[in-house]
Structures are given as C-alpha cells and as structure tokens.
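Asks: Top line first, the protein sequences correspond to chains A and B.
Reading the first sequence from the start, the letters are residues 1 to 407 in this note's numbering.
Reading the second sequence from the start, the letters are residues 1 to 448 in this note's numbering.
If you're looking for bench data, these hints aren't it; they were derived computationally from the structure.
Keep in mind the model is a prediction, meaning the values are calculated, not measured.
Treat the hints with care, since some could be wrong.
[As the list claims (entries may be wrong)] Not the full set, but computed from the structure, chain A residues with beta-carbon under 8 Å of chain B:
| no. | residue |
| --- | --- |
| 1 | Glu75 |
| 2 | Val201 |
| 3 | Thr224 |
[What the hints assert, rightly or not] Capping the alpha-carbon separation at 35 Å, the derived lysine-lysine pairs in DSBU-like fashion look like this:
| no. | chain 1 | residue 1 | chain 2 | residue 2 |
| --- | --- | --- | --- | --- |
| 4 | A | Lys136 | B | Lys359 |
| 5 | A | Lys219 | B | Lys61 |
| 6 | A | Lys136 | A | Lys219 |
| 7 | B | Lys61 | B | Lys359 |
| 8 | B | Lys3 | B | Lys358 |
Ideal placement from N, C-alpha and C gives every residue a C-beta, glycine not left out.
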Amino acid sequence: MPEPLHPAHVHLAVALDGAGWHPAAWREPDARPADLLTAGYWVDLVQEAERGLLDLVTLEDGLSLQSDDPWTPDERTDRVRGRLDAVQVAARVAPVTRGIGLVPTAVVTHTEPFHLSKALATLDYVSTGRAGVRVKVSSNPAEYRHVGRREAPVLDRGDLQAQQVRDLFDEAADWVEVVRRLWDSWEDDAEIRDAATGRFVDRERLHRVDFAGRWFSVKGPSITPRPPQGQPLVTALAHATVPYELVARSADVGFVTPRDAADAAGIVGEIRAAQQAAGRAGETVHVFGDLVVVLDDDPAAAAARLRRLDDVAGAEYRSDARVFTGSAAQLADLLTEWAAAGLTGFRLRPATLPHDLVQVTGRLVPELQRRGLFRTAYEAGSLRGLLGLPRPANRYATARNDAAGAA
Amino acid sequence: MPKQVHLAVHFPGVNNTTVWSDPEAGSQIEFSSFAHVARTAERGLFDFFFLAEGLRLREHKGQIHDLDVVGRPDTFTVLAALAAVTDRLGLTGTINSTFNEPYEVARQFASLDHLSAGRAAWNVVTSWDAFTGENFRRGGFLAQDQRYERARTFLQTVMELADSWRGDEIVADKETGVFLRDPQAGRFAHTDAHFDVAGRFDVPRSPQGRPVVFQAGDSDEGREFAASSADAIFTRHGTREAGQAFYADVKGRLARYGRERDSLLVLPAATFVLGDTDAEAAELAHHVRLQQTSGATALQWLEQLWNRDLSAYDPDGPLPEIDPVVGEPTVAQGRASARMFTDPVATANEWRALAEAKKLSIRELVIEVTGRQNFVGSAATIAATIDDFVQAGASDGFILVPHIVPGGLDRFVDEVVPLLQERGVHRTEYEGETLRDHLGLPPLRTAP
Chain A
1 MPEPLHPAHV HLAVALDGAG WHPAAWREPD ARPADLLTAG YWVDLVQEAE RGLLDLVTLE
61 DGLSLQSDDP WTPDERTDRV RGRLDAVQVA ARVAPVTRGI GLVPTAVVTH TEPFHLSKAL
121 ATLDYVSTGR AGVRVKVSSN PAEYRHVGRR EAPVLDRGDL QAQQVRDLFD EAADWVEVVR
181 RLWDSWEDDA EIRDAATGRF VDRERLHRVD FAGRWFSVKG PSITPRPPQG QPLVTALAHA
241 TVPYELVARS ADVGFVTPRD AADAAGIVGE IRAAQQAAGR AGETVHVFGD LVVVLDDDPA
301 AAAARLRRLD DVAGAEYRSD ARVFTGSAAQ LADLLTEWAA AGLTGFRLRP ATLPHDLVQV
361 TGRLVPELQR RGLFRTAYEA GSLRGLLGLP RPANRYATAR NDAAGAA
Chain B
1 MPKQVHLAVH FPGVNNTTVW SDPEAGSQIE FSSFAHVART AERGLFDFFF LAEGLRLREH
61 KGQIHDLDVV GRPDTFTVLA ALAAVTDRLG LTGTINSTFN EPYEVARQFA SLDHLSAGRA
121 AWNVVTSWDA FTGENFRRGG FLAQDQRYER ARTFLQTVME LADSWRGDEI VADKETGVFL
181 RDPQAGRFAH TDAHFDVAGR FDVPRSPQGR PVVFQAGDSD EGREFAASSA DAIFTRHGTR
241 EAGQAFYADV KGRLARYGRE RDSLLVLPAA TFVLGDTDAE AAELAHHVRL QQTSGATALQ
301 WLEQLWNRDL SAYDPDGPLP EIDPVVGEPT VAQGRASARM FTDPVATANE WRALAEAKKL
361 SIRELVIEVT GRQNFVGSAA TIAATIDDFV QAGASDGFIL VPHIVPGGLD RFVDEVVPLL
421 QERGVHRTEY EGETLRDHLG LPPLRTAP
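So here's chain A without its partners, still in its complex pose:
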C-alpha cells in the first residue's frame, strides 16, 4: 500500500444531495431551494468543497423522485422533489474546478454498463483525472416501472441475505467488471497516428471484453479511449454483509455507516476478510465512515438547530448514518477515534447546505490541519492520486506483453 501523507492522515468526502440531508434543510435561511436545478447551485457547492481541499464530492441520484419511504414513492409536497442526472452535474462542474474528485451515483440495475463506462471515462477526460462513480442497486419497484425493462424482485425487507438481494449485488459486481474491462479495452498507447502506414490506432492494442454473464453480455471494445486515471474510482455504500462483499470484490472505496468506533472496527474487519477472500488482500480498498453532520461553533447551537429543523420537518430526523451534532473540534475528535478503528476516511453528509458544508471547509478542515491529519494543498493531479491509489495496470496490455515475453 502506498504511504499516506501522515500515518493518521484522513481522507474527507462530502455527499451532496438537494438542499442538504435533513428534510427541512430547504427551509433554512441560507438555502436556495429554487436553484436546485441550476448549474450555478452545484458549481458553488463543489467549489466550496474544493476550497476545503476535500478528496471528493459524491452526488446522489436515482431513477425516481425522492421519497421519504425508500420502497415506494410518496406524495409529499413539503420536501425537495426533483433532481438532475448526477453524471451530467459532475461534468458541468468539472471544467470550473481543478483539484477535487467528482463521484456521481449510477443506478447499475437499470443502466447499460457500456453507456456508463464511456460516460465515466469522459467525465475523467473533462475533469482531467478526477472521475469516480458510486454504484447503487435499485430495489424500488417504481424504478422498474419507469424503465419498463423487467419486473421488480419481490424482496423481504428484513432479510438482507436473501437470494434476490444477492442477485442485485452480483449484477452490480458484473456491471463493475464490465465497466472496468471496457476502460482497459484500449491500451494507453493504442492511438499511434502512424502516417507512414496510415493507421490511426494499433488495433492489436484494442481489445474485445467478451463478457457474458447472467444479466448481460458485452462485446467491446469501448468507443472511448482509456481515460486519464486508467480506471476512474469505483465506490459503493454498504450497510450489510452482501454489500460489504461488493465493496471487497469490486470497489476502491466503500462508504459504511458505523454507530461507534467499535462498530467501525467490526465493519472494517468484515470488509478486510471479504477482500482477502476475493483475492484482493494486496490492493488498497478505502473504507470511509458516513456521518450526517450538524455543525456550529457552539455545540449547543448545533443541537438547537437540529431540534428546530426537526420541528419544521414534523419528525425527528433518522438516518442510516450516525447523526453528529456539535462543533468542528468535537467532530475532529470523533473522526480521530474512528480512524483509529481502521477507517481511512469519512464521507460527511451536510444536514443543510451551504451551512454545514462551510462548517466542514472553514472549521473542520483547519482543525484537522492543525492536528496534522489533513492535507494543506492538493498533492496529486488525479483522484486516485489523492487517495494513494496506483494507476491500474491494463489487464489486456499485461496479458499481451506476457504472451509476447513467453513467445
């Protein structure tokens, strides 16, 4: 594994979603609920995250309207509804940012790996090496009806080990495999522009991916040359054993939701064991802890703000991730403790925007820098570089060179 900048150096990501993660966020005084569908809104947020030297932002997405109920659409009129394609938001932001990683969400269950492979490769080109993706499976029956390609699986919500759940994640693993193969389907030096022979590419360095699986078959090669990072970053959010296995098999970064440091240590241990079982023990797989953050200089003010938000929303806010309320210094303490449990970074979900994002960039980051736990400048030109991940060798180039060496 490459050495981090400092033994206890942490990575920081921010998860952007609508007006913030709290359902009443859009009613805050600094909220811009009428701008959520404009480019300027997202540019401002990502540029703010970049001022804080964050590793990356993730952009939430889905193929249905947001809903308070994750299984079915609701008809609420008091919540943010409607959103934009996350890959395009990332692409729109890329030319006006320079250092920060851009990680849109892709719903793998309903999309074509061929299309997303070239879209993410292109995001890597337009951002000059800062692209990633968060892969997300779809179990929401509404999304199956929207796409109309197949029936939704009937899931027992209590049984996360069920075969239908495994199928969804196995398909996700196939999707990632195909996307990675397509990224590799052009060797880095495939474009030769050899005027003497009139050849633009050396077709020996273009490769079919010839993937045939349970859910799809893809021939390849990609129509898009290998992107700057070789393979953009692959991430996944995971809450249970089956998705932990997806992280271990397929991802570069897993986002997890521990309750406390001991829980974090347990989750990291489970992922590391699965990583070993998947034959990836030697590879860096980051595990980031997710936290919803409500931050103010005065911890009491943060607590009061959350109460106020809950009052406005009409219910106590609940999340899959732990909700942290307090000051940036207190959060720095918690992150340090969780990092000691084995997490290599954190994905913070601002409860409100821009307030809690500005607290992260303007308060938390300086605090972590003072403690020697966070970078003071972007030290690498690519997202993989920021995360200490090597540029992957191209499987097809390696195979071809091995064959040439053996001959």
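Fit chain B to the supplied structure of chain A, relying on the hints for placement.
Replies: Frame of chain A; chain B shown alone:
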C-alpha cells in the same frame, strides 16, 4: 430582410473527412479540443454544436477499422461539460433510440437542458444491427421494418415524460413549507407495442420544455418522421440542385401534419476549404482530398462497394475488373455507408467507365467520386455561395464540418462570418437565450 442563414458546427468525427495526419491536427478526445471548437462556434454566433455518435467501433473485413480517427467521448458528458465553457451555443447530441430506454434519455435531455439553461437538442437516430447490439443488454433484436416505429414511439414517450411537468409545480416557499404545488407532479403512463412504462418522472420541466429534435436520415420514412416530429433535419444534400429538391420535398410534407413551413429547418452538413483566393483554395482542397484519401483508404472505400477483399490491387493502378459481391454480410460494419449502394454492380460499371474516360487510378477515382468539399474558395466566394444556397431554397443554413481538430473552424469564423453579417444574413449578437430562440422556432405551448 433577406432570409437568415443558420450556422452550426459538427465536431469532426470518425470518418475520413477528419484529417488526423496534418501537423495542425490535435486530440480527438481531450476536452480542450471540444472546448476550442465550441468556443469558436460561439464566437461566430452559431446556433449550435453538433456531436455524432456510433456505439461500436467500425470494422472492416472483421477487424477494427484503423485508417480513420477511432474513438470518441460520451455525448451527454461532453455536452454537459461544454455548457460550462459556453453561454449561448446550442448543444446537440446524437442519441440512439434502440440501445436506450425513454425514461433515462428523457432525464438526460432534461438535465442537459437545465444545466445549459435551455440549449439542449437531440438528434434522434435508430440502429437495428446485431453488430452494435452486442454491446448492450438488449442485443440487436430490432427488425429493420420496426426501427422507425420504435424511434417514433420512443420519441413520443420521451416527450410525454418531458411534458409530465407543466413547469409551475415547484413553489419552494420557505415560509409556508410548500415545495411542490402538485402531489402528482410528473405523473405519466405510456403503453404501446414497444414500451410499457408508468410512474412519476423525476426531472421537473426544463427551460425549453422539450429538447429541440433533429432527425438525420434520407429515406422516405426518415423524411416523413422529420415532417411529423422534428424541429430540424440534418441532411447530406450538399449541392444546390439536390438541396432544392430535398428542401421542397421535406417542406411539402409538413402540411399533412398541420405544421408551418418554417417549423422545420433543413440543415445539410457542409465541408469547406478556405483560401486567400479561389485558386489557392482549389489547390488546398485537392491537397486535403489527398490527405483524406490515402491509398489504403481508397482501397477500403472501394471494398465497401465491391464488398470483397481487394487488397491485392494497387491503389495507384486501374479499377478491378471483377464484379462486386451483392448482399449480406457486408465487409464494413458499424457505419452508415455499408448499405448505401443500392445497385453495386451498376455503380461499379459507372466508376469503371469514369476511370477509363478520365484515366484515373483507384485512388484518383475515389477522390473523384467521394467527399468533394461543398464550399471551396475565398471567404467572399464562400459567403456569397452560402447566402445564395439559402436564398435559393436549397437549405436554411449549414452544419459545417471542419476537417481539422481543433482549429478547423477558426478561419471560417474570422473571415466568412463577418461577410455574412455584412450581407445582413447572420446575426451580430445572440438575440435569444435558448436554442429554440436561435433557430427561430415557435415557442412551445406549456404542457396541458
């Protein structure tokens, strides 16, 4: 006021129009190349930037075609990024209706339209070949006689999704706590032979309401599809006479659909070579044709008509005396030209006669019969010719295809655009905000 000329630029793509061997030729994939072409077009106050698409690398005799530019980026991703480096230029993407689903395409165009503040356009194309289908979940299942039918119903479904939001549903009133006026916003349902979808669309109405719709394709079905459903038609009829005939034909079909003549623009693709004088331009044009047509390229071109291996022939020698192989499979796959010859034997005979009469080698013959530039001359000549074509009813303007990336449009914008402005046929500033505005299309009625 004379009829206005609509101008657009087609980013040079994966065919032999694009000269990659020139010392001036830059990257076909780096974003800086796309940004340069788009910014140049915007400097010239063009209507839009146009991006083509092909979803499988082209093959020739079972191998990846390596003589032309190979490789291109993803359409939506590049256009969304270009929205960041331009302010007014329309952004037209070619998106296939066979290897996509309406919900996803609808949200992608609506997203692009939001992120570009009303500049998105869709060039609807169909594909039916199993060759391309091998890259997709669906495979290449579509019978050829169903491809326009699927395209038509696909387009209709996307428009229903776009119209599922009227545009006034988002209130976002912090005081009252009402975000949406309508709890059913985005509701849709569509069932036909190809699609059975229902639910609520998740992208609220975009600035243009719907993407501007282009259709490319010259068949009778294609023309009818354009007359019924498109805002603009992208053609290859580059000569004055062919352009006039096509123009009259397509515009004549509009009345059947209750549409006005100016509700559909006819925009042929056009190549050009500019020189200081007409004579210099002619010389340059010949040089470009040689660059575009190497001996190897000429042989491959001939193989597409002959539909057989001709590698034993010398491109600098005479045409083959053997006849073409008629029918499938074609030696070329993944390109539109594979089926463009309706009577290969007759065409071969014509070409042999032409080569005989003019004493042309294979390479010279291919240069003679393919891809002659539409406009060759000084800036004054080209401006006058373009103006004449438009005033004479051969087109409503042109989608220019430079042959060099990224600088191939620079000189046109610097030298020809000012002359068109002097003639009073090209805008001197953008009057409108959206692509519909630039194209002079009637405003959309708000969805019912």
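Asks: Which of the stated hints cannot be reconciled with the structure, identified by number in ascending sequence?
Replies: Per hint list: 4 and 8 violated.
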